[in-house]
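Chains as they are written, first to last, in my numbering: chain G, -8 to 257; chain A, -8 to 257; chain C, -8 to 257; chain F, -8 to 257.
It is possible that part of the hints are untrue.
A pair counts as met if it fits within one copy or between any two copies, since identical chains are not told apart.
[Said to hold, decoys possible] List time: in silico DSS-like cross-link candidates among lysine-lysine, alpha-carbon distance up to 30 Å:
no.	residue 1	residue 2
1	232	73
2	61	197
3	232	68
4	52	73
5	197	53
6	36	176
7	36	197
8	53	148
9	146	176
10	232	148
11	61	148
12	197	-7
13	-7	148
14	146	232
15	-7	146
16	53	73
17	36	148
18	52	197
19	36	52
20	68	-7
21	53	232
22	232	176
Don't read these hints as lab results, they were simulated from the structure.
4 protein chains.
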Amino acid sequence: MKETIVHVLERPRLRDPVFIEGLPGIGLVGKLAAEHLIQELNAVKFAELYSPHFMHQVLIKKNSVVELMKNEFYYWKNPDEKGRDLIIITGDQQVAPTDSPGHYEVVGRMLDFVSEFGTREIITMGGYQVPELQGEPRVLAAVTHEELVGYYQEKLKDCSVEVIWREDEGGAIVGAAGLLLGMGKLRSMYGISLLGESLGYIVDAKSAKSVLLAVTRILGLEVDMTALEERARETEEILRKVQEMQRAMLEQTMPPAPEEEDRGYL
Amino acid sequence: MKETIVHVLERPRLRDPVFIEGLPGIGLVGKLAAEHLIQELNAVKFAELYSPHFMHQVLIKKNSVVELMKNEFYYWKNPDEKGRDLIIITGDQQVAPTDSPGHYEVVGRMLDFVSEFGTREIITMGGYQVPELQGEPRVLAAVTHEELVGYYQEKLKDCSVEVIWREDEGGAIVGAAGLLLGMGKLRSMYGISLLGESLGYIVDAKSAKSVLLAVTRILGLEVDMTALEERARETEEILRKVQEMQRAMLEQTMPPAPEEEDRGYL
Amino acid sequence: MKETIVHVLERPRLRDPVFIEGLPGIGLVGKLAAEHLIQELNAVKFAELYSPHFMHQVLIKKNSVVELMKNEFYYWKNPDEKGRDLIIITGDQQVAPTDSPGHYEVVGRMLDFVSEFGTREIITMGGYQVPELQGEPRVLAAVTHEELVGYYQEKLKDCSVEVIWREDEGGAIVGAAGLLLGMGKLRSMYGISLLGESLGYIVDAKSAKSVLLAVTRILGLEVDMTALEERARETEEILRKVQEMQRAMLEQTMPPAPEEEDRGYL
Amino acid sequence: MKETIVHVLERPRLRDPVFIEGLPGIGLVGKLAAEHLIQELNAVKFAELYSPHFMHQVLIKKNSVVELMKNEFYYWKNPDEKGRDLIIITGDQQVAPTDSPGHYEVVGRMLDFVSEFGTREIITMGGYQVPELQGEPRVLAAVTHEELVGYYQEKLKDCSVEVIWREDEGGAIVGAAGLLLGMGKLRSMYGISLLGESLGYIVDAKSAKSVLLAVTRILGLEVDMTALEERARETEEILRKVQEMQRAMLEQTMPPAPEEEDRGYL
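Whole structure, please, built from the sequences with the hints as guidance.
So this is what it looks like as structure tokens:
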């Protein structure tokens, strides 16, 4: 496997679909939110993305079955005939932060794929680390085009979550949540990123809930949030086991590290 | 050399061959097991795999002869006319854990190659690090497809080694032992990974023996384990010398490391 | 996005243009100088360079609008009909210092692009770290060809800034400021690098001023330096916010680091 | 520049040339030896190798002139009509040790190039780090093929330097000195690596002398060693200046490092 590939399981016809991204990041906020949305909407998996830029490992799933690292595309057909359909992506991981070209390749492949279904709007979900939280986590919003600020503010005006719009410059959105908007913009797509405040050290169900509330408000959907905390606990447990095993296997296949001192350049 | 290549020395006709992998990893369990199997079965080397993703060095072999880093394919023709033949791979190293795309490239090339001989089943061998051992090392099993659990459990039911089947989710198999199954699955191959418990700090002959006992049970073979401990001692000694020389040469060709503090992003 | 691309917004006709580079580096000297020059000359943006070798993130600009990391080309048409026009490049960042091939790719693409407008001369601007400063920052000069030393010395002879010409060998110019000259030389281009002395820990307006004074002397231009210090303060504030958010997001997407001790090579 | 290139300045006709490599490594032994050989023989530069895998910088040479990082090929025509000619390579650096594929690419390109001149034999020179030295540095020899041991031992039998032939297995030769032999062997080339013992912390003229004495014995040449120590001192001074400047420029262009603790894998 020399480049990122998408295995297509089904080719649904979708009506003006909104592409929603929730991949692992700060507090696993985006991933939790996406998985919850998929489950509550009974969204259907229709494609898998594999990449040589993902970690070189398989995950052990239930009953000792292994699976290659992947991201997964789900679709949801809106029962309201005038409503818009959804494509949701979540997955095991993002490309490692030391591999920027890998990120650009994977995100480019995602945009290629969702374009095939006529996608124009993108909503990305994630966490936004803060040193301390006061009350319910707020949500930071950022958009592809200045003229969209009013459009989204209108949709979010009755949201029970406080949404922060920054007027000054500064800050960065790292990874797919940012790149999908930035690269999408070069292809005439538009959208919004919604980042929930999080302390970041746990799988953060509260932050995911804040983000999901804002997303559902934009989409005009209702989603039950009851199962969110339970899902966060399960995710945390699985993660712990993966990391233990992974760490041990990585340690023993490293070449010897040159010592930090005393390196001549030539 | 810009990509992974396979030098073919011979093209044997093989009967429904099982592909067995034992490359360096935790406790060198997989490599030891594969080398022992090759020696006891008098398997024949028929191909070498070279990759620009291997360490940029040669190893010094006996009598001051150097050889490029490589992996080696061996075949064994089953004397029982109804039995299945074997392809066994072992080698000097796996791709560095910092180079995920290299792993995917090398494992993809391995699968391309063994497919040419009609391979459908894969058995991968390795170590599984545990903080302490009680009694003989147990073996952790993981498979490509859920419906194979019963198939392999039946074959392993009289194995003198305790085989662990995990029902819950969590854990990862890093490197070729995992990728061969995960990527093989995408090509309609199937198989099992057998990982021997190991403290991981030594070349672990006991763990390799546990794994080999399980493998031979699946294959219906008998293999003498007497020479395994002696082989572990020799391997340990060679490794020590390679690392000493390698470490010194790497240290002196590094560019100066930027200091950890005080890095501006732009 | 699999390689560096240039999005062209306009194709101006330029008269024997000088290509001036000011990208982020020590003390942000080059970037500050380039941005100031662009603003004071009212130079016009005509192309954007994007690269998968830039950081995988978007920056948050004013009013919560995101933009992909990029470098930007500006042109300035000399009102003097006999004068030479300018192409100026600045941007969010350079390729990471761990990705040398990325640097060569990006700089090669820059040279391809400016060649289309007939560029032969290159002036690169940057900082040169010194442990302490005495008086106004001096400027270190380096050129592509020995026969140019006299040419540039003549132009710089009335410069109010002290320009250092080194007679002995030793030293390196890292990144675009160096590569543009080195790679340009292979394409029969010529030019000079002007590096302002800087302590390097701040956004250094004084050093940028020294460099700009030398550059304007070479070009025969007058540029007002009043706004330079204010610009440095703003840049510093934006940078601080980007780094805070970026650091948090990077920390939470890293795979577990193998521990430094106890790595076997195979 | 997307791959390694060779700029050819002249295409000499060479008689069965021996290819001699001396690139930077432990104690700069190989580079010093190669440069001394080039100077004493008045060898002629006929090609330059550039690579995107070299450090992204230019070096500042005498009189403030910059040059891209490179390796250089020299030839020497043997005045003895029956003698063999030489191709010697030295240069500013080797590919960084973190970039194995870059090493394979660059060394492959070197072998492509010298093959065009009919090269079959390769001699590589380098250092071999030891914790302490007793008397004159000895030289460790390693060859491509076992049947060559006798051939080279015969040539070296009257060498004033002690040459070590190892009978046991273990050890590695990292970088071009090793890869040229390992990859050359796959192209039916043959040769020897000569590594001088060195403490490694200095530019080591004594070790370079030992290696050169062995090389000249194999080639049947006489070379005056007087200037070797002076050259070592000069090299050390230039290196120091390059590193100082390089280190400062690298530090200020790094993206923020994720902290070592607290990395989630997804």
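We went through each hint and held it up to the structure:
{"no.": "1", "hint": "232 <-> 73", "result": "neither (45 Å within a copy, 42 Å between copies)"}
{"no.": "2", "hint": "61 <-> 197", "result": "within (26 Å within a copy, 35 Å between copies)"}
{"no.": "3", "hint": "232 <-> 68", "result": "neither (35 Å within a copy, 40 Å between copies)"}
{"no.": "4", "hint": "52 <-> 73", "result": "neither (39 Å within a copy, 35 Å between copies)"}
{"no.": "5", "hint": "197 <-> 53", "result": "both (27 Å within a copy, 28 Å between copies)"}
{"no.": "6", "hint": "36 <-> 176", "result": "both (26 Å within a copy, 18 Å between copies)"}
{"no.": "7", "hint": "36 <-> 197", "result": "within (26 Å within a copy, 44 Å between copies)"}
{"no.": "8", "hint": "53 <-> 148", "result": "between (43 Å within a copy, 21 Å between copies)"}
{"no.": "9", "hint": "146 <-> 176", "result": "within (21 Å within a copy, 45 Å between copies)"}
{"no.": "10", "hint": "232 <-> 148", "result": "between (42 Å within a copy, 27 Å between copies)"}
{"no.": "11", "hint": "61 <-> 148", "result": "neither (36 Å within a copy, 33 Å between copies)"}
{"no.": "12", "hint": "197 <-> -7", "result": "neither (39 Å within a copy, 37 Å between copies)"}
{"no.": "13", "hint": "-7 <-> 148", "result": "neither (46 Å within a copy, 40 Å between copies)"}
{"no.": "14", "hint": "146 <-> 232", "result": "between (41 Å within a copy, 28 Å between copies)"}
{"no.": "15", "hint": "-7 <-> 146", "result": "neither (42 Å within a copy, 36 Å between copies)"}
{"no.": "16", "hint": "53 <-> 73", "result": "neither (40 Å within a copy, 35 Å between copies)"}
{"no.": "17", "hint": "36 <-> 148", "result": "neither (32 Å within a copy, 37 Å between copies)"}
{"no.": "18", "hint": "52 <-> 197", "result": "both (26 Å within a copy, 28 Å between copies)"}
{"no.": "19", "hint": "36 <-> 52", "result": "within (17 Å within a copy, 35 Å between copies)"}
{"no.": "20", "hint": "68 <-> -7", "result": "neither (34 Å within a copy, 33 Å between copies)"}
{"no.": "21", "hint": "53 <-> 232", "result": "within (13 Å within a copy, 42 Å between copies)"}
{"no.": "22", "hint": "232 <-> 176", "result": "between (38 Å within a copy, 23 Å between copies)"}
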